Amino acid sequence: MNNKLYDRLIFELSSPGRVGYHLPKNQFPHHELRKDVSRTKAPALPECDEMTVVRHYTNHSGNNFGVDNGLYPLGSCTMKYNPKINEEAANHPAFVNLHPLQPASTVAGAQALADELKKMLCEITGMGAVTLKPCAGAHGELTGLMIIRGYHESRGDFKRTKVLVPDSAHGTNPASAAVCGLDVVEVKSKEDGTVDVDDLATKLDDTVAAMMMTNPNTLGIFEHNITKIVEMVHKCGGLMYYDGANLNPLLGVCRPGDMGFDVIHLNLHKTFSTPHGGGGPGSGPVGCRKELESFFPTVNPYQGNFLVEMRAWAYILSLGYEYIKKVGPTATLNASYIKAKLQDVYELPIKGLSKHEFVFNGLTDKSTGVTTMDVAKRLLDYGYHAPTIYFPLLFHESMMIEPTESESLESIDGFVAVLRKIAEEAKTDPELVKTAPHNAPISRVDDVLAAKNPVLTYPENP
Amino acid sequence: MHPFFPQTSDDIKHMLDVIGIESVDDLYKDVPDNVRLKKDYDLPSSQSEIEIRRKLAEFGKLNKQLVCFAGAGAYDHYTPAVIPQIVERSEFLTSYTPYQAEISQGTLHYIFEYQTMMARLTGMDISNANMYDGSTATAEAALMAVASTKKTNKVILSDGIDPKVKEVVKTYAHFHGLELLSLPTVNGATDFSALDETLAQGGVAGLIVQQPNRYGIVEDYTGVADRCHAAKALLIINSVAADLSMLKTPGEWGADIAVGEGQSLGIPLSWGGPYIGYMCTTEKHMRKMPGRIVGQTVDQDGKRAFVLTLQAREQHIRRQRATSNICSNQGLMALWVTIYMSLMGPQGLKEATQMGCDGAHYLHDQLIATGHFCDAFPGQEFLNEFCVKYDGDLAALQEKWVENGFMGGVAISDDTVMFAVTEQRTKEEIDQLVALIS
Amino acid sequence: MTYFSESHEYVRVEGEFGYVGISDYAQKQLGNIVYVDMPDVDDDVEVGEVFGAVESVKAASDLLSPVSGTVVEVNESLEDSPELINQDANENWIIKVKLSDPSELESLMDEDTYNSKNQ
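Those sequence lines, one after another, are chains A, B and C.
Following full-length UniProt numbering, the numbering of the first sequence begins with 1 at its first residue and continues without gaps.
Following full-length UniProt numbering, the numbering of the second sequence begins with 1 at its first residue and continues without gaps.
Following full-length UniProt numbering, the numbering of the third sequence begins with 1 at its first residue and continues without gaps.
Excised from the complex, chain A in its bound form (with noise of 0.2 Å):
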């Protein structure tokens, strides 16, 4: 990665009369559009040659910072490698040019493949039908819901417009469930971080429509009670639904469909390693009990982010039923050593077991001043990307960790060995941790400058 920032915008290289394409003769008779119909004036794009393209691109990625570049323990997103041959995959000729309006003999293999990867993941998750549609876990999140309402609605049940959702949960859960129009309800969380169980009861009656649960939950802990959790919503007429994100640690170990839930989501671009692009395309993919699969709403018009499953089916295949079940212990067994090696100086603020993630809060000596943040922003100097911070809500210093089963013993130990010289650098120089990142292509940023003053587009008149 550049430790100097790369700083050029491509407007600004920007020249009238250059072109960075170069397209065939036009053989037709020339047809002139309607001129009040017309737009009245170009659009401002740049006007570029191709290598002053390429350059400018090649040099912002390294500005940027990926799994392929280090280790980046952010909790919850499951930063796994990306194998290459998903890459491969997704870019086969055969695949990438197909329309998806072809009739259907015509496109025999693609939806082979698409059947295959839906058969897999019912086998993976316990659930009897899978739909690919949804273009991301909160996309998957909202198209469950909308399976519950619509199962509940079927049944004349009108009345059910609650969702629980633990205080513990990923903020599209509540967010989902509102876009649904449905109700959020919070179920509190104990002192071991698990749903509490007497809370829980309290809140359950004939509105609710569905449980949203993530197992393990954001502080990576499993809820033991699940069982019964499950059994008390089920006996109220309530669904459970089963937040796919942290479906990690459980590959070889259990099923979310033999935990009794009844629709879930996966993110294919956290357990099923498809690369997270700066942010999409994702894929999340909905499960459901075969007796729901009517119920599948209309979210997308195709099959979704195509060449998404295509690299999740590729992954699922390379590793096979010999090695997908030691995709969970072994992204515990990580995350449970750096756990173990650092709960002295960082703050473990409940113990016990943990599983893919756990949650500090903050360094155990507050005394320096030295915050989650500074800490996050120091270890971008050390080559390493930050954790999730201030996430979970539950703690004021939260800083979650999931290293994933990728990482070897090496490249934990020096995170850990980073972790341990931050912690102690913020004993003796803590202005040096407050004010990183000192080795990054820039400083912190104003991000109140940015919301006051919003600019949000590079101005045409510059």
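It should be emphasised that the hints constitute simulated quantities derived from the structure, not laboratory data.
There are no misleading hints in this set.
Below, simulated SDA-like cross-link-like pairs (lysine to any residue); rule was C-alpha separation at most 20 Å, straight line:
no.	chain 1	residue 1	chain 2	residue 2
1	A	341	B	13
2	B	303	A	444
3	B	61	A	92
Every beta carbon over 10 Å from chain A, so not counted as near; a handful from chain B, in silico:
no.	residue
4	151
5	181
6	191
7	193
8	198
9	200
10	201
11	226
12	227
13	232
14	284
15	288
16	378
17	388
18	392
As the structure is a prediction and not an experimental result, all values here were calculated from the model.
Note that CB positions come from ideal geometry on N, CA and C, so glycine has one too.
Since the structure of chain A is already known, use the hints to place chains B and C on it.
Only chains B and C this time, still in chain A's reference frame:
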């Protein structure tokens, strides 16, 4: 051992010792026995790259590559060779949402460029970092209109909107509790004569139209924005992004929100995805816009830098009070179309669209000249897509085209077919397609 | 006389009008305020209902009206300078409301009670 698992048995032993446990299974002691998986997954066995390639080739052979004259929302445009090479760069491909701005300036810069280009293309003030696709962008625009206007829960949809997009909007509307009203089409184009009456029902947040519409017709929106605004409703225009290189822009028509599918900006057909939805709006509605937004700021040394901003709108802060649950975007696809627009520039974008337009008119005239086709909507202006009626067995003709390697349009009824032409189609291909009509 | 609500809004009553803003405690909790979403003049507000929002970089808080009435003025200076609330939350009210039911004030807290609750 497997290439994705670096842990040797010695490594594992060492880690278990540090943790102070006997076996990895001890880490799962809290998982009740009754939910434990006690068998192997019923999945294929682990495949090598050689075997995966073989399997891909086998599946690939079952697909038929067709010369594409189909559109209906997805178009066979040219992809410059530069794009996949850059987009596959690890630093872009394997990074996450740019939360840590200091090591994500690459992503943040291109999103800022993307936002600027889309705003200029649509003639709007601002753009978000993008949406999943054109259909969800349209559904989100309907929700946004309701959130931006007071005491409304109705949205008017023109019958000129692609039924596939409409279906997705309907799904969102049903569950969110929006009432959808409609405006009919006459001779294929939206008929606005009942607009004032429909708006007068009250509680209408916005009107959504599509340009060019579901039949490829370029519609006339003169006065429509004013009529909407007089009723305090928003005008939302859905367009195929590349077509805006020639068409009067949503901004010029007075739209409040511009949305649509951006696949036409050099993204391969990909059997339906990943594509990219775009959403642009006016400054007035900026804070109700869903999705990620990147803004310019400075770092502590005063250097220009970019950062995710206006986050108070978003789900991770608002939770159930958010008006949208979107928390990612089609990230890399924004890079894709940004590089596309950088290479094509204003001139290339227009040249490509004009070629498709000219090719479509040539195909149209050749079809009419066979004597077997007539205009489905006579006299309507179109760009690169149009509908014609066939006097024979359309299904049989389309099948014949497929046998000969062509995708001859998309049937929109038993006798009406819609063709699309892009800069990738040659005169020879069109002549061959037409020659197969008997 | 100034009254406070459980949700940290205050209303300073002057005759038939009330100046509604957020408490000093609330502005401290939010941090740097970057935007204030305000209603329009002539809009009706109802006690306990949302009439706007205050946003900082990493938080957003709905504004719940402590009183019912009609908005007669909004504090336009907050449009360009939302940070004024951080500088002096009491001085920089958000909306001025013509009270429709002064008896509602009885269910609010006085300044001492509010301050002793939020220290």
